[in-house]
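Novice: Protein chains in written order, with my numbering: chain H, 107 to 718; chain Y, 3 to 91.
Source of the hints: derived by calculation from the structure; they are not laboratory data.
Do not rely on the hints blindly, as some may be mistaken.
As the list claims (entries may be wrong) - Every beta carbon over 12 Å from chain Y, so not counted as near; a handful from chain H, in silico: (1) Glu193; (2) Asn199; (3) Ser282; (4) Glu339; (5) Gln546.
To be verified - Below, in silico cross-link-like pairs of lysine-lysine (DSSO-like), each with a Cα-Cα straight-line distance of 30 Å or less: (6) H:Lys468 - H:Lys445; (7) Y:Lys50 - H:Lys492; (8) Y:Lys82 - H:Lys554; (9) H:Lys273 - H:Lys419; (10) H:Lys150 - Y:Lys50; (11) H:Lys332 - Y:Lys62; (12) H:Lys342 - Y:Lys50; (13) Y:Lys82 - H:Lys353; (14) Y:Lys62 - H:Lys497; (15) Y:Lys50 - H:Lys234; (16) H:Lys342 - Y:Lys62; (17) H:Lys586 - Y:Lys62; (18) H:Lys268 - H:Lys169; (19) H:Lys332 - Y:Lys82; (20) Y:Lys50 - H:Lys345.
We put the beta carbon where it would ideally sit given N, CA and C, even for glycine.
What follows is each chain in one-letter form.
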Amino acid sequence: MTDEELKSIEQTTALLVENGFVIKDTASFIREIGNGNLEEVISKLGRLQVSINEGVNAEVFGKDLAVSLDGIEEVVNKDTYFKTSSEAASFENLLNDLREKSSRLFRNTMKAEEILKGREENLKDIEKRIADLKVDKTMDDVTRTSETIKLSYALNHAKQAKEDALKFYNDQKALSEKPLSADDIVEYKNDLLQAVNALDNAFRKLSMEPAAMDKLASLIRDTRDKIVLFGFETQKNQKEFDSLCAKYGLEKTNAKTIEKVETKEETEELSENKDEVVTPSEIVEPEKSEEPAEKEPTRVAITSAEELIKELKRLNPDIDIIYNIDGYPEQISTWEPEKLVLPEGFKYSEELGINNKIDDTKPYISAFVKQREKIETKSSKVPSGKIPVKKTRRAVVAPYVKAILCYGGIGCVATMAAGIGAAPILAASIAGAGIGAIGQSIYGKMVKFGVVDAPNPNEYYNNKNYELPVFGSDILKHAKGLLSSLRNHKNKRKEETLDKTPEQEKAETPEVTEVPEVAKATEMTEAPVVAETPEVSEELNTEEKKPSLFENFKDLFKSNLDKGVSEVEQTEEKKMEETPEVLNSENKQTDFPGVLPEQYWLEDENLNHGGR
Amino acid sequence: MIVDSVITLENDVNCLLLEKVTYNNDNYFLSVVLNEEEEPSDEYVVFKEINEDGQSFVEKVENAALLAELINLFTNNVAKLVQELPEEL
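Bound-form chain H, shown alone (with noise of 0.2 Å):
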């Protein structure tokens, strides 16, 4: 080996560790290298750390935001018909809400302002009031003696307390101060969305004068823009920094000025024995000594669970913190609690999350775990690769229940893609809002007609301020709930027209006669709910108007024909409608080829299959 190529090695290794950066993957930083300038690359990864680390100040934003907040609340105060809107008083709580969830990350900072500023007053009083004894010349000398002992107790105790106030301000200032990861952002920002989406639904509703309505509209549009803004480019430039280094085998580490010490140490014996090959194995040697620093338990001494938690978080940082009601942490949030790295001297169990119990005579610590819900994907049905699809069958679904489907599908797709890595994350909380927006819709025309009957009531049923999960796998299990709820409606209904009298129901629905054959061509007809729709009834009671069963078909089924056919209605509707009796077969060719007719409800399996 060159003097040069020695030197270069020298280089490159102490460009790589003085920055903080070992290599995790060899074959990627072979083959990588060769292709960029590496001392370019770790700049940019530099630059992009100290981007990243200044990271976002919730605080910051959490006063802009009540600034926007603010300007809200003026313009609907100001408005003479506001306070008329029956909606007036549940805008005013989302508004609420809103402001609540906004400074949720700085709440203790501003407590702990309030609590400093009354110790200062105290303080002054006490101050003054010692003041004031000094010029009082009326006092008789016993009152002014008992008086000046009192208040330099009392001065005291106030400098104390003004000291303490300080201290726990500046602790909460610094903990709010503490730039947020990426995936506190993410957790954060979905909070406000949720939140924003509830005030603009509402909005919607209210009965203002124009020109202060469009005002609201704005500065609800602009609320909503800084959130979704709210450490974009911490979230942007972490994805770069985590794609650079994906690409280079690169991994940041925490031990930088240990790193540094050995960097000299090891480049003072590789000018030593020039002589000698190194080998790339000798290069990548630090990332062998990180790992057990890095994972190292802590040896601080833990005194509540709240030290515990903070300790928690910086050993894993990939962990949530959940706070109470007051805004202090509570437990965590993780997905896999058998893997954290914790304190010494604590453990893992189900029954008391993390904790330093001995035995049941001693006093221990414990912080509770919450395992976070996975949407299972291990267990798929559907292998990856391309698959030839073997057979196309025709389905029509019900608009409520493909809506319904669709909210849980994007929202399950959405959490997969945000659980498979860190980089689309943003992209798909972004598009939680939509998410939540779609499914707070489906949910207050569901309210609207009275089919909504969830688990519980109170909380549920009829409030159309309930507010459905933008993201995560609760939205499955919300999806479910509506998708429940409408089929109890329509098993309401099917007894309902079950109960009516043979000729009511004839004259409702004496026409549907011809749909069933279609219906028992499949095995997922459910109950003919088509025959509950006015458009039908009005058609059927029509004696004059004969349609044609083609247009009885696709009035039947509505919009979903319509909109899934209307590329090849054009040309096959006439050869349909020259042979209608081919939807009377069964398993006959529909209007699409190779495609057999299939009428898609979803009901209950404990209704009767098959059609009228």
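Got chain H; can you put chain Y on it based on the hints?
Specialist: The following block gives chain Y in isolation, referenced to the frame of chain H:
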């Protein structure tokens, strides 16, 4: 392939195609996997449609970045669908 249809895969798994979007000239479908009773399960898949020699294939999208892009497109489509929901059930 069109939305509102059920496709049967080679391994006899049925999937209901809920929504379609086109991205970079490829068609993608949001679908729900149906269980043995042909009821929607908890598994949702985004498929890429592939047509080769007149034969239809699908491929599950597993790339997180692509999924994130598609989610936004699907969200827009579904938002429109929800807007157009009839005022009666």
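Novice: Could you work out which of the previously given hints the structure breaks and list their numbers from low to high?
Specialist: 5, 10, 11, 13 and 15
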